[in-house]
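Visitor: These are the residues of each chain, in order.
There are 2 protein chains.
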Amino acid sequence: MAQKVKLSTIAEALGLSTATVSLALRDSPLVAEATRERIKEEARQSGYIYNRRAASLRTSKSGIVGVCVHDIMNPFYGEILKSIEDELDRHRQTFILCNHYDDLAKQRAFLDTLLQLGADGLILSPAIGTPASDIHLAETNDLPVTLIARTVEGSGVTSFRGDDTYGMSLVVRHLIEEGHRKIALIGGTEQTSTGRDRQRGYQNALEEAGLPVRPEWWIKGPRSRHSGFDAASAFLDLPDRPDAVVCFSDLVALGLMYGLSRAGLRPGVDIAVCGYDDIDEAAIAMPPLTTVSNGQSEVGHRAAGALLARLSGAPAVEQVELIKPELRIRRSSFLKHTGSEPPQS
Amino acid sequence: MAQKVKLSTIAEALGLSTATVSLALRDSPLVAEATRERIKEEARQSGYIYNRRAASLRTSKSGIVGVCVHDIMNPFYGEILKSIEDELDRHRQTFILCNHYDDLAKQRAFLDTLLQLGADGLILSPAIGTPASDIHLAETNDLPVTLIARTVEGSGVTSFRGDDTYGMSLVVRHLIEEGHRKIALIGGTEQTSTGRDRQRGYQNALEEAGLPVRPEWWIKGPRSRHSGFDAASAFLDLPDRPDAVVCFSDLVALGLMYGLSRAGLRPGVDIAVCGYDDIDEAAIAMPPLTTVSNGQSEVGHRAAGALLARLSGAPAVEQVELIKPELRIRRSSFLKHTGSEPPQS
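So the sequence lines, in the order shown, correspond to chains A and B.
Position one of the first sequence corresponds to residue 1 (the UniProt record's numbering), numbered consecutively onward.
Position one of the second sequence corresponds to residue 1 (the UniProt record's numbering), numbered consecutively onward.
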């Protein structure tokens, strides 16, 4: 390799000051666009590698945003991440990703790393039990935070998520309209705002219709495809077994449908099953899954947009931005003995 | 917040030199372990935030490893990533993740970012068409690279992946032993080493058994669940339609099974379907999916281990480390009219 190309080499070649070259390489609007392009082209051709570390010490901008969620392998988070990625890409921010698996220590270690690197901001779906003080720590150390999917009371920052209570009531009302009176809830936990809100939506819809809420019909815990599969046997053992199930998420519903099928029950024929999130797979599943679109793409875009606004100086505001969910009716929620016709998809 | 705590504050409090404190916070073995622990405890209590950016300019170690794959939402990569994460966590390396979606420009932009940040290394599943020179660029700029899942000839570095040719021949032989003579291959492409190797394994097994290889029975392209689902109609239109299918991946097979079911064909009853990778979902799918375990966990652990060795000074070696795949026989590959008994799982 040739010797290291310096700013001054590029400046000399173009007859410009090193300050102009430096500003142009950081994309400063203080340099005319045509000049910026000429400088960048020269830098590329000469093999100059912009040293962002050195630059970040001068400008206190690292160009790095942290993204931390429960588990990126969950397509719900994956779909949010895709839209965050779109937004950050367009603003030339690199992101560092971390799965916290609801382990507070892992989340804190990541927070420390971001602080140590001088990262610009954090988009966080907070681990169960995250105290507001963890978010205050970031904010006080110039690391603006935007929350997604879950809320932390007293955090002082904005959270973007679906209106889970409303969304869950939509799908439970649909099952009631289809003639179901005994409806189980599978998955979720009281420990997350999402779990509590979805349970509330389930309960609201039952109470509205004058139906009893039976605590033993909430099988708590499952949040993955595998645990949904495992929950099939617990469901089959329920007292006075319901003939309809609404699940905490599509993943749980898809796993449950595998488990029920293995036990000889046909989802959409012998038992109605609904999910939540409307991940890509829901529409092609067998049977296609009735679910609630949870606006993953909108959550991601708006959360990233809000964080970028914070980086440009917008103040922190504690509020919850609710994205309106929509019911997606498909075949899994229809039984052969009910009157209405499932959609042909 | 209190005023910023400096190295000298900690040094004074403990009666040590700032150099000792600095070394201890970087975990240098030059400081006795008990002293290191005492210094770290004091740093924690006083609220000192270690400035890794400033430190990295001094030591040229950023503590960051880049990981770049086609798409982390694909559970095959997700499972590899989990074991990379384990390994890097234990060595206190932070990782930056990037999906390249087989877009060379996106992969290059990420490479530039790593170089600009002064990252320590890169674990890469190279995008289709990656030239060896892109890897040389990284290596010449002190960014050691380890490849996973795919190979780039002439790269000069080590690649960890399953023995795809052997693995695919295992599953095709299984179908032949079950009495199938007409076997389609769905998914993959000649543009990746993985696609070429798996096709070769399919072809080898057919030729060994004296069966013809019919090019029209390879439906190229599908690599996702959705495209596997879409491929069902192309499969149903095949001339002299096969009654067995081996898919490029489990995701393709799982999507195909959804598509075939929707068309009224029962996988494992009317048509034998096999996948490749043995992702978590394969064992609980309906029917459970016959597939090939591709050693994701081993690939991740060994690739991360090899990169860490490079960071400690091990030289670059161009070689392919093949992980031995294993056949996993489940119900999806059995037809009702064949003689043998599917496993009871």
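Keep in mind the hints are simulated off the structure, nothing from the lab.
Check before you lean on any hint, since a few could be wrong.
Cβ pair distances, simulated, as ranges [unchecked claim]:
| hint | chain 1 | residue 1 | chain 2 | residue 2 | range |
| --- | --- | --- | --- | --- | --- |
| 1 | A | Glu318 | B | Leu327 | 51 to 59 Å |
| 2 | A | Ser233 | B | Ala316 | 49 to 57 Å |
| 3 | B | Lys61 | A | Arg44 | 51 to 59 Å |
Restricting the straight-line Cα-Cα distance to at most 25 Å, the calculated cross-link-like pairs of lysine-lysine (PhoX-like) are [stated by the list, open to error]:
| hint | chain 1 | residue 1 | chain 2 | residue 2 |
| --- | --- | --- | --- | --- |
| 4 | B | Lys82 | B | Lys106 |
| 5 | A | Lys182 | A | Lys220 |
| 6 | A | Lys6 | A | Lys82 |
| 7 | B | Lys6 | A | Lys61 |
| 8 | A | Lys82 | B | Lys106 |
| 9 | B | Lys82 | A | Lys82 |
| 10 | B | Lys61 | A | Lys106 |
| 11 | B | Lys6 | B | Lys324 |
| 12 | A | Lys82 | A | Lys106 |
| 13 | A | Lys40 | A | Lys61 |
| 14 | B | Lys82 | B | Lys61 |
| 15 | A | Lys61 | B | Lys61 |
| 16 | B | Lys182 | B | Lys220 |
| 17 | B | Lys106 | A | Lys61 |
| 18 | A | Lys324 | A | Lys82 |
| 19 | B | Lys61 | A | Lys6 |
| 20 | A | Lys40 | A | Lys82 |
| 21 | A | Lys61 | A | Lys82 |
| 22 | B | Lys40 | A | Lys106 |
| 23 | A | Lys40 | B | Lys82 |
| 24 | A | Lys106 | B | Lys220 |
Predicted model only: the values in this text are computed from it and were never measured.
Glycine included, every Cβ here is placed at the ideal spot set by N, Cα and C.
Visitor: Mind checking the alpha carbons of lysine 6 of chain B and lysine 61 of chain A for me, to see if they're no more than 25 Å apart?
Guide: The given pair, whose Cα atoms are some 21 Å apart, holds under the 25 Å limit.
Visitor: Between the beta carbons of glutamate 318 of chain A and leucine 327 of chain B, is the distance compatible with 51 to 59 Å?
Guide: With Cβ atoms ~55 Å apart, the hint holds.
Visitor: With the threshold set at 25 Å, check whether the alpha-carbon distance from lysine 6 of chain A to lysine 82 of chain A stays at or below it.
Guide: Violated, at about 36 Å.
Visitor: Holds or violated: are the alpha carbons of lysine 61 of chain A and lysine 82 of chain A at most 25 Å from each other?
Guide: With a Cα-Cα distance of about 24 Å, the restraint between lysine 61 of chain A and lysine 82 of chain A holds, given a limit of 25 Å.
Visitor: Hint check: lysine 106 of chain A vs lysine 220 of chain B, CA-CA at most 25 Å. Holds or violated?
Guide: Violated. Lysine 106 of chain A to lysine 220 of chain B sits at ~42 Å, over the 25 Å cutoff.
Visitor: Between the alpha carbons of lysine 82 of chain A and lysine 106 of chain B, is the straight-line distance 25 Å or under?
Guide: 14 Å, holds
Visitor: Please work out if lysine 82 of chain B and lysine 106 of chain B have their alpha carbons no farther apart than 25 Å.
Guide: At roughly 23 Å apart (the allowed maximum being 25 Å), lysine 106 of chain B and lysine 82 of chain B satisfy the hint.
Visitor: Would the hint linking lysine 82 of chain B and lysine 61 of chain B be met if the CA-CA limit is 25 Å?
Guide: 24 Å, holds
Visitor: With a cut-off of 25 Å on the C-alpha distance, tell me whether lysine 82 of chain B and lysine 82 of chain A pass.
Guide: At roughly 19 Å apart (the allowed maximum being 25 Å), lysine 82 of chain A and lysine 82 of chain B satisfy the hint.
Visitor: Does lysine 82 of chain A lie within 25 Å of lysine 40 of chain A when you go C-alpha to C-alpha?
Guide: The given pair, whose Cα atoms are some 29 Å apart, is violated under the 25 Å limit.
Visitor: Can the restraint linking lysine 40 of chain A and lysine 61 of chain A be considered satisfied, given a maximum Cα separation of 25 Å?
Guide: 20 Å, holds
Visitor: Between lysine 82 of chain A and lysine 106 of chain A, is the straight-line Cα distance small enough, at 25 Å or below?
Guide: Answer holds: lysine 82 of chain A to lysine 106 of chain A is near 23 Å, not above 25 Å.
The structure shown violates the earlier hints numbered 3, 6, 11, 20, 23 and 24.
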